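Got chain C; can you put chain U on it based on the hints?
Read off the chains here:
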Amino acid sequence: MLDASALRRDFPALDAQVHGRRLAYLDNASTTLKPRAVIDAVVRVFTHEAGNVHRGVHALSEAATVAFDRARADIAAFVNASPDEIVLVRGTTEAINLVAHSWGRTNIGPGDTVIATALEHHSNLVPWQALCAERGAQLATAPVDDTGRIDLEALAALLRAPSPNSSHAPSSSPHPSPAFSSAGPGRVKLVAVSHLSNVLGTLAPIAEICRLAHAAGALVLVDGAQAVAHLPVDVAALGCDFYAFSGHKLYAPTGAGVLWGRRALLEAMPPWQTGGEMVASVTAAAARYREPPYRFEAGTPDIVGVIGLGAALAYLRSLDRAAIWAHEARLHARLRAELAATPGVRVLGAPEAAVVAFAVEGAHPHDVATIVDREGVAIRAGHHCAEPLHHRLGVAASARASLALYNDDADLDALAAGLAHVRRVLR
Amino acid sequence: MSDLDELYQAVIVEHDRAPRHHGPLAGATHDATADNPLCGDVVTLHLRIEDGAIRDVSFEGRGCSLSRAAASILSTMLAGRDLAYARALAAAFEAFIHAPPDTPAAPAPDTTALGELTAFAGVRRFRSRRACATLAFRALAAATAPATASAR
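Each protein sequence line maps, in turn, to chains C and U.
Heads up: the first sequence is residues 48 to 474, going by the numbering used here.
Heads up: the second sequence is residues 44 to 195, going by the numbering used here.
Fair warning: there could be bad hints in the mix.
Claimed, not checked - If you want the footprint, here are the derived chain U segments under chain C, 3+ residues with CB under 8 Å: (1) 76-84; (2) 97-110.
Unchecked claim - Partial pick of chain C residues on the chain U-facing surface, computed with a CB cut under 8 Å: (3) I418; (4) R421; (5) A428; (6) V472; (7) L473.
In case anyone wonders, no lab produced these hints; they're calculated from the structure.
Keep in mind the model is a prediction, meaning the values are calculated, not measured.
Beta carbons are placed, not taken as given, at the ideal position from N, Cα and C, and that holds for glycine.
This is chain C alone, in the form it adopts within the complex (with noise of 0.2 Å):
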């Protein structure tokens, strides 16, 4: 079994003292605590590395270079794919925005529809609104039953019907892959879906939805944000097509985050942003970009955020990772059975994996959030950016806790006190 304890010891944030008391930290799905393997590499990045990349011949510049592409090179065996497929952005709202921007430029037109599911964050909604908007597209929603499913059924059948107003233009845009080529204009040419529900904690099910969706000519862009600190992500076996995540929810700092895309999708993408860093060549009148992932980087990129996700995937791999997801799992249960038994207490959906929502009777989820505070244990209250997700749950907000490699015992005995204290708090 795990040593939880052993493990807190990699995170110096779990020595902090919150209002007096030991933290249980619990809102891990907004962003993880970072190991000391990650603030190290931070530290020396600033005080040995500290050249920008691939551009100087001195020796700071090229021990940032190496250790940068390496970071790349990590990433990209993280997920089981290729380097030149790993575009590094700012975290998974900006990769979703890449693909809107470029990809759905080139490839979305009037008539045509993107889908996206109820339970999606709106980092993987709100670029496709206005895409569409601009496009002159539909946006569908994929829905979700009571539990937080999603309803294969009915994305069959939203897949399968062509949008009314479809036209018989003929495509402006060469096709880049296969599973695309078959789609013609007027049809569903994206399905965007969260791997991991950040607000129900359920898991949905990539590979059934790839292949509906290739079958209808359309690709599939998963949000794994949540997915990848707490399951193994191997791309190729998904069959999606873009993979969007960020590095500070993987241990990793803010600021660095991860767009992988089929090679030949990307090398068909035009850049979204240019400038430095993106172009072969530049004369006054005209530029020549170069390949991917490199053309849709322009600008210096967040070199400390990149060596530290580097970081702290090896960190991840220096411990036993399915220890670590056998752990999570045990205490995912422990959650969620403890919530569920908790007169007053509703557990929302039916959660599968690191993440729990509830609602408490007679409480208002920010009054929850700010009386176990007091007791040191951080949740997060709100809609957790899934807005239309909790208008479709009835709620207004609710209150979400969830896990991460740290997390033990203790701190489900703290919520469990905290969430005892609510009731004598609002009398």
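Using the frame of chain C, we list chain U on its own:
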């Protein structure tokens, strides 16, 4: 008194449990909605204003105990008052909530006019909750703003 007891004073919990003037308002002439994008809380304030005076008031919406209690207490303070009073009250409460927690709010005339609203002094220690307390007052400021007063 602990921070939490100071935050959730009896008068606040009581107004949250049994809010006054809660619901639609027949004959409303002005209304405005304020929301908190952080949590999705929303308060709509309805006012019936005649001859420059507030004759009746109600509020609707969803929110935490602080935002509901603040709206409820506010609703008890407006009947018979003029728009200048409403604007001054909204400004005074904003200033009160955002005053540094460790120094008493300046004893300006409008602070004494806060009445039961002084129960929200504890909110000043909870930075993230200040927006909850002031939600209804932002709606009040919008509904009574001279340029944009949203008459029906």
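Hints not upheld, ascending by number: Hints that this structure does not satisfy do not exist here, as all of them hold.
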